[in-house]
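**Q** Guided by the hints, dock chain B onto chain A, whose structure is given.
Quick mapping for you: the protein sequence lines, in order, are chains A and B. Residue numbers for the first sequence follow numbering that gives the first Met the number 0, so the first one is 0 and each next one is one higher. Residue numbers for the second sequence follow numbering that gives the first Met the number 0, so the first one is 0 and each next one is one higher.
Since the hints were made in silico from the structure, they are not lab data. Think of the CB as a built atom: it goes at the ideal place given N, C-alpha and C, for glycine as much as any other residue. Don't take each hint at face value.
To be verified - Non-contacting residues of chain A with respect to chain B, defined by C-beta distances greater than 12 angstroms in every case (computed):
id, residue
1, His48
2, Glu88
3, Asp186
4, Arg191
5, Ala244
6, Pro362
7, Asp394
8, Gly396
9, Val431
What the hints assert, rightly or not - Below, simulated DSS-like cross-link-like pairs (lysine-lysine); rule was C-alpha separation at most 27 angstroms, straight line:
id, chain 1, residue 1, chain 2, residue 2
10, A, Lys279, B, Lys24
11, B, Lys34, B, Lys141
12, B, Lys419, B, Lys339
13, A, Lys427, B, Lys419
14, B, Lys291, A, Lys47
15, B, Lys385, B, Lys49
16, B, Lys24, A, Lys214
17, A, Lys47, A, Lys29
18, B, Lys6, A, Lys434
19, B, Lys49, B, Lys34
20, A, Lys279, A, Lys214
21, A, Lys152, B, Lys6
22, A, Lys25, B, Lys419
23, B, Lys1, A, Lys337
24, A, Lys381, B, Lys288
25, A, Lys29, B, Lys214
26, B, Lys219, A, Lys29
27, B, Lys49, A, Lys337
28, B, Lys168, B, Lys141
29, B, Lys419, A, Lys444
30, A, Lys214, A, Lys225
31, A, Lys152, B, Lys214
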Amino acid sequence: MYRMANYDEPLLNEMEERKERHVEVKLPDKIRRTELNLPSLSERDVVKHFTHLSQMNYGVDTGIYPLGSCTMKYNPKLLEELAGSEKVENIHPYQDESTVQGSLEIMHKLEETLCRITGMDAFSLQPVAGAHGEFTGMLIARAYHESNGEERKEVIVPDSAHGTNPASARMAGFEVVEIPSRDGRVDMDALRSVLSENTAAFMLTNPNTLGIFEKDILEISREVRKVGALLYYDGANLNAIMGKARPGDMGFDIVHLNLHKTFATPHGGGGPGAGPVGVKAELERFLPVPRVVRKGNNYHLDYGSRHSIGKVSNFYGNFPVLLKAYAYILLKGSDGLKEVTERAVLNSNYLMSRIVGKHYSLPFGGSRMHEFVVSAKNLKEKGIRALDVAKRLLDYGLHPPTIYFPLIVEEAMMIEPTESESMETLDKYAEVMNKIAEEDTELVKNAPSNAPIGRVDEALAARSPVLKWSDFSGQVPG
Amino acid sequence: MKGLMEKLGIENVDELFEDIPEEIKIDGLDIPPGKEEIEVDREIRGILKKNKSFDDMPSFLGGGIKHHYVPPAVRHIISRSEFYTAYTPYQPEFSQGILQSMFEYQSVVCELTGMDVANISMYDAATALGEAARMSKRVSRKNVFIIPKNVSWEKKDVLLNYAKNAEIKVEEISYDENGMADIYEVEKYGGEVAGIYLENPNFFGIMEDRIDEIKEMKEKTGAMLVMGVDPLLLSVAKPPSEYGADIVIGDGWMGNPMNFGGSRLGIFSCRKEHIRQMPGRIIGATVDKNGKRAFCMTLQTREQHIRRGKATSNICSNEALCAIAFVSYVAIMGRDGLRKVAIRNMENAQYAAAKLSSIGFEMPFSSNFFNEFVAIPPVDAESLNKKLLERGIHGALLLGHRFPELGNGLLYGITEMHTKEMIDRMAEITKEAMDDV
Chain A
0 MYRMANYDEP
10 LLNEMEERKE
20 RHVEVKLPDK
30 IRRTELNLPS
40 LSERDVVKHF
50 THLSQMNYGV
60 DTGIYPLGSC
70 TMKYNPKLLE
80 ELAGSEKVEN
90 IHPYQDESTV
100 QGSLEIMHKL
110 EETLCRITGM
120 DAFSLQPVAG
130 AHGEFTGMLI
140 ARAYHESNGE
150 ERKEVIVPDS
160 AHGTNPASAR
170 MAGFEVVEIP
180 SRDGRVDMDA
190 LRSVLSENTA
200 AFMLTNPNTL
210 GIFEKDILEI
220 SREVRKVGAL
230 LYYDGANLNA
240 IMGKARPGDM
250 GFDIVHLNLH
260 KTFATPHGGG
270 GPGAGPVGVK
280 AELERFLPVP
290 RVVRKGNNYH
300 LDYGSRHSIG
310 KVSNFYGNFP
320 VLLKAYAYIL
330 LKGSDGLKEV
340 TERAVLNSNY
350 LMSRIVGKHY
360 SLPFGGSRMH
370 EFVVSAKNLK
380 EKGIRALDVA
390 KRLLDYGLHP
400 PTIYFPLIVE
410 EAMMIEPTES
420 ESMETLDKYA
430 EVMNKIAEED
440 TELVKNAPSN
450 APIGRVDEAL
460 AARSPVLKWS
470 DFSGQVPG
Chain B
0 MKGLMEKLGI
10 ENVDELFEDI
20 PEEIKIDGLD
30 IPPGKEEIEV
40 DREIRGILKK
50 NKSFDDMPSF
60 LGGGIKHHYV
70 PPAVRHIISR
80 SEFYTAYTPY
90 QPEFSQGILQ
100 SMFEYQSVVC
110 ELTGMDVANI
120 SMYDAATALG
130 EAARMSKRVS
140 RKNVFIIPKN
150 VSWEKKDVLL
160 NYAKNAEIKV
170 EEISYDENGM
180 ADIYEVEKYG
190 GEVAGIYLEN
200 PNFFGIMEDR
210 IDEIKEMKEK
220 TGAMLVMGVD
230 PLLLSVAKPP
240 SEYGADIVIG
250 DGWMGNPMNF
260 GGSRLGIFSC
270 RKEHIRQMPG
280 RIIGATVDKN
290 GKRAFCMTLQ
300 TREQHIRRGK
310 ATSNICSNEA
320 LCAIAFVSYV
330 AIMGRDGLRK
340 VAIRNMENAQ
350 YAAAKLSSIG
360 FEMPFSSNFF
370 NEFVAIPPVD
380 AESLNKKLLE
390 RGIHGALLLG
400 HRFPELGNGL
410 LYGITEMHTK
420 EMIDRMAEIT
430 KEAMDDV
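Chain A on its own, in the form it takes in the complex (with noise of 0.2 angstroms):
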C-alpha cells in the first residue's frame, strides 16, 4: 500500500537554536536594527528539515502527474546541469556584451528555433511565465492599434479560455468580452456577433482547454483580421501541435509559449517559468527591448525600436529556464518533437479510452489531442464529487488531474498526461479512476488517508488567516 512519508516536521522557527554569536552592527543608531526574530540553526538540522519536508511532497520524478493545461512532463537532468554551470549563474546582467556572447549567442539561436517552431517572425524571451506573456503581447496589440490611430477597446475571449486570459488583458487595460462555446468550440455565430472595429484582439487556445483543435481556425482567422483585430495565441497547448501544425500558419499575429510546459524546463512548485511572445513581422518593432541582434559573429542587446513597448521585466527574462529549454530542443531536434506530439496525442487518447464509460462521461463530441476533460457528473447519486475523486486518487501515490475546469463542464476533471508515461502508467491510472468510482462512499469521501495529512481545511485558512509563524493562535494552534 502507497504511503508519503510524515515527519510532523516542524517549522524553523521552533527547531532547536545554536548558541548565539555576537555581531558587532557598526550602524548609526538611527538607522540601527536591535531585534531580528530568526533562527540560527546547524547546517546539518537545516538540511534533514528541508529533505524532510521534500519528502512530504510530490514531484514529476514521483509519478504520473496529469494536471490538464500544465505539460507536466519529465525534465531531462541534463538540463539542470547546464543552468547550474558558473557560466550561467555567476554572470552579471550589465557585463560588457563581449563578456556575454555564450548567453545571447543561446538566446538569439532559441528565438530563431522558436520562430520555426511556431511559424513565427520574431521573439522576445523577456516575459517571465505564460501569464507575463499575455501581458506582453496585450501591450503589443495595443501599442499596434494606437500605431494605426486607433484605441479599440475590447478583447474577446471564450468562456474555456484560461482565467489568466481576461485577467492580462484587463490588466493592459482593455475590456473583455466573453462569448459561450458551441459543441466545445468557438461558436462562429457569438463571435462575428461580437467581433466589430472595437475589437482589439481575439484570444485563443488551440487545442482548447477541452483538449479539442477548433478545426474552424482558418475561418476565425480571417473574421477577425475583416475587423482589423489581431489574433492572439495562448501556447499552453503547444504540446499537442509540434511538428504537425503551426500558430503563425493559423492566421495567429501574436503567440507566447510556456517553456516549462512544452519544453521540458521544470516548474519549479510554481516557477520559475519562461513565456516568450513571437510575432509576425509587422509587429517586431512593437517588441519589448532590448533585442539579442546578431553582427557578423557577434550578438548585441539593441535598444533602438522606437515603437517598442519598454521593457516588461528586470532584465532579459529567466536565463536559465531560456537555456534548459534550448538544450531540450537541440536534444529532440525535428523528428523527436514531432514524436513528442504524437505520443502526447496518443496517450491522452489512450487514457481517454479507458476512462470515459459508465461513471466518468465525455462532454462535447469529436476527438480530443493532448488533454481531454471528462466530468465526473455520473458520480454524484453516490454522492460522490471531482473532488473527492481528486482526493482519493492520492492514497493510491497518483496526482490527480485538474479539477473544476474549464467551468463550462459540470465536475470537470481536465487529465493531461503527455508523452512522458508508459502505457502501463496510463492503464493503472484509468484502473484506479474506474475503482474509486465504485468504492464505498464514505471511504472516498474520506480521502486522503495515506497521505501525511487528511483533507484541508481550507475554508478555515481563509477565514482567519495565518500567513506567518507569528500569527497562529486559537483555531489554528501553533
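**A** Then chain B, alone, in the frame of chain A:
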C-alpha cells in the same frame, strides 16, 4: 507507440490529427534532427565558454544586482526533485513539504520587512514595483504614483508598462546633493498621490535614515508608502515598517545566483488591512480534518483562476523555487550569519571607496552607503572600463547614459565576494589604466 495505436484501433497516428485543416498541416519542423545527450552537453558548454563569469574576471558592477555567495547546501535543497519538479500546490495533502517551506519563506520575509503578510513571489523587483503601484491605486483610489529620479531605469520602464493602462500617472521627484530623494517635492501633488516609492538602500547605494521625516510626509499626503529594500540590509537596519511603509518590495537574491539577471524573485509584502488587494499566491496555515496543523494556498478569490478578469493581478506562475532558495539561505546563514555578511558587505564597500578616493576618484555624495556607491574617476569612465577589461577586470556600471548630471559617474557593487586582495588589485590596475587612458 505501436502498442498504443493497436489498442486504439488506428493504423496511422495522423488519424488523431484529422481536425487540423489540410492547408496548414506540416510534417515535421525545419530544425536540425535531435542529438545525443553527450553532443548537446558538449555543444552548450562550448557556447557558454564564450561567457566570462565572475570566476574568470572579478567584476565590480552595481545596479541592484551583485554576486553573492550561495552556500552549497542551498543548491542541494532546491535540487530535491520533489520540490523542483512539482507545480503550484493545488493539492495541499500532496504538497505539505513545499507549502510549509513557502509559509516559512513568508514568515522570514515578514520578519525582515516588519510587514504582516508576504506573497510567495512576484517575477522580480521591477514587476513587484509595477504591482505595488497598481495596488496603491486600488487601495487609495488616487492616480499619481511617485518615484525618485534615481531609480534603476529597468524598474522605471517596467513600472510605466504596469501603470500606463491602469490610469496611473508616474511622476518623478529629484534627488538632493546627498543623493537622496527630495521627499518634500511630494507635497506639490497635494491630495492626488496614490503611492510614493522610496528605496533603502537607493539606486546609488545610499541608506535611508530619515525615518521621522518620511513618516510625517506620508501622513501629510495620505499616500501609500512603498519601499524597495535589499533584504540583507534589513538584517542590521530598521525595517521599513518603522518608516511607515505599507508595501515592501525587493529583489529576493538570497540563495539565487545572478543568472544574467533572470530566475530570481520579487519580494512583495504588505500590511494586513490591504490583504484583499494583494497580487499573487499566499500560503496559509490551517488544520486538516483531524485537527492537525496543515498548510494550503489561501485567499484565492483575489486570483485569476477564480476571479478571471476581475483578479488583482494576472500572475499565475511565479518564482516559487527561488523563494525556497531564499528561505534555505536564511535558514543556513542564520540570524548572526546574515548580520555578519551584511557588515562585511558594508566594510568591503567602504574599503573599496577609500581605496578609490586615494587614487583620485571623487565621491559625489557624502551619505552613508551599504554595498554600492557612486564614484567619479578622474579620467573618462568608459575608456577606463575598456582598459580594465583588457587587464581581466570588469569595471563598475557607467551611469552617464542614464544620469547625464553624473557625467563620468560609476556605480560600484561590492559584496562578501570581494576580498581585500581583489579590491587592492582592482585599485592598483585602475591606477595603471588611468595613466594609460
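**Q** With reference to the structure, classify each hint as holding or not holding.
**A** Taking the hints in turn, this is what the structure says about them:
Under the 12 angstroms C-beta cut-off, the non-interface status given to His48 of chain A relative to chain B is violated; the minimum distance is some 7 angstroms. Not every beta carbon of chain B lies more than 12 angstroms from that of Glu88 of chain A, the smallest distance being close to 4 angstroms; the non-interface claim is violated. In this structure Asp186 of chain A is separated from chain B by more than 12 angstroms, as the shortest Cβ-Cβ distance comes to about 17 angstroms. Arg191 of chain A, annotated as away from the interface, keeps every beta carbon of chain B farther than 12 angstroms; the closest lies near 19 angstroms.
Residue-level check failed: Ala244 of chain A sits 5 angstroms from the nearest beta carbon of chain B, not beyond 12 angstroms. The claim that Pro362 of chain A is not at the interface with chain B holds, since no C-beta of that chain comes within 12 angstroms of its own (minimum 17 angstroms). Its beta-carbon lying about 10 angstroms from the closest one in chain B, Asp394 of chain A breaks the requirement of being farther than 12 angstroms from that chain. Against the 12 angstroms criterion, Gly396 of chain A falls within the reach of chain B, whose nearest CB is about 9 angstroms from its own CB.
No beta-carbon of chain B comes within 12 angstroms of the beta-carbon of Val431 of chain A; the shortest separation is about 15 angstroms. In summary, the hint linking Lys279 of chain A to Lys24 of chain B is supported, as the alpha carbons are separated by about 19 angstroms, within the 27 angstroms threshold. This hinted pair does not check out: Lys34 of chain B and Lys141 of chain B have alpha carbons roughly 57 angstroms apart, beyond 27 angstroms. Taking the CA atoms of Lys419 of chain B and Lys339 of chain B, the gap is near 16 angstroms; set against the 27 angstroms cutoff, the hint holds.
Between the alpha carbons of Lys427 of chain A and Lys419 of chain B the distance comes to roughly 61 angstroms, so the proposed pair goes past 27 angstroms and is violated. Distance check on the hinted pair: Lys291 of chain B and Lys47 of chain A sit about 22 angstroms apart at the alpha-carbon level, within 27 angstroms; holds. A hinted pair counts as satisfied when its Cα atoms are at most 27 angstroms apart, and Lys385 of chain B with Lys49 of chain B qualifies at roughly 18 angstroms. Proximity of Lys24 of chain B to Lys214 of chain A is assessed by CA-CA distance (about 12 angstroms); at most 27 angstroms being required, the pair is judged to hold.
Note on Lys47 of chain A and Lys29 of chain A: the hinted pairing is violated, with a Cα-Cα distance of about 39 angstroms set against a maximum of 27 angstroms. A hinted pair counts as satisfied when its Cα atoms are at most 27 angstroms apart, and Lys6 of chain B with Lys434 of chain A qualifies at roughly 21 angstroms. Only pairs whose Cα atoms come within 27 angstroms are accepted, and Lys49 of chain B paired with Lys34 of chain B is accepted, the gap being roughly 22 angstroms. At most 27 angstroms may separate the alpha-carbon atoms for a hinted pair to count; Lys279 of chain A and Lys214 of chain A meet this at roughly 22 angstroms.
Between Lys152 of chain A and Lys6 of chain B the CA atoms are separated by roughly 50 angstroms; this puts the pair beyond 27 angstroms, and the hint is violated. At roughly 19 angstroms between alpha-carbon atoms, Lys25 of chain A and Lys419 of chain B fall within 27 angstroms of each other, so this suggested pair holds. For the suggested pair Lys1 of chain B and Lys337 of chain A, the alpha carbons sit about 16 angstroms apart, so the restraint of at most 27 angstroms is met. Between Lys381 of chain A and Lys288 of chain B the alpha-carbon distance is near 22 angstroms, which keeps this suggested pair within the 27 angstroms criterion.
For the hint pairing Lys29 of chain A with Lys214 of chain B, the CA-to-CA distance comes to about 14 angstroms; that is within 27 angstroms, so the pair holds. With a C-alpha separation of about 22 angstroms, the suggested pairing of Lys219 of chain B with Lys29 of chain A holds against the 27 angstroms cut-off. For a cut-off of 27 angstroms, the pair hint linking Lys49 of chain B to Lys337 of chain A is broken: about 32 angstroms separates their Cα positions. With a CA separation close to 10 angstroms, the supplied pair Lys168 of chain B and Lys141 of chain B stays within the 27 angstroms bound.
Pair hint Lys419 of chain B plus Lys444 of chain A does not hold up; C-alpha atoms about 64 angstroms apart against a cutoff of 27 angstroms. The suggested pairing of Lys214 of chain A with Lys225 of chain A holds, with an alpha-carbon distance near 19 angstroms, which does not exceed 27 angstroms. For a cut-off of 27 angstroms, the pair hint linking Lys152 of chain A to Lys214 of chain B is broken: about 40 angstroms separates their Cα positions.
The structure fails to meet hints 1, 2, 5, 7, 8, 11, 13, 17, 21, 27, 29, 31 from the earlier list, while all remaining hints are met.
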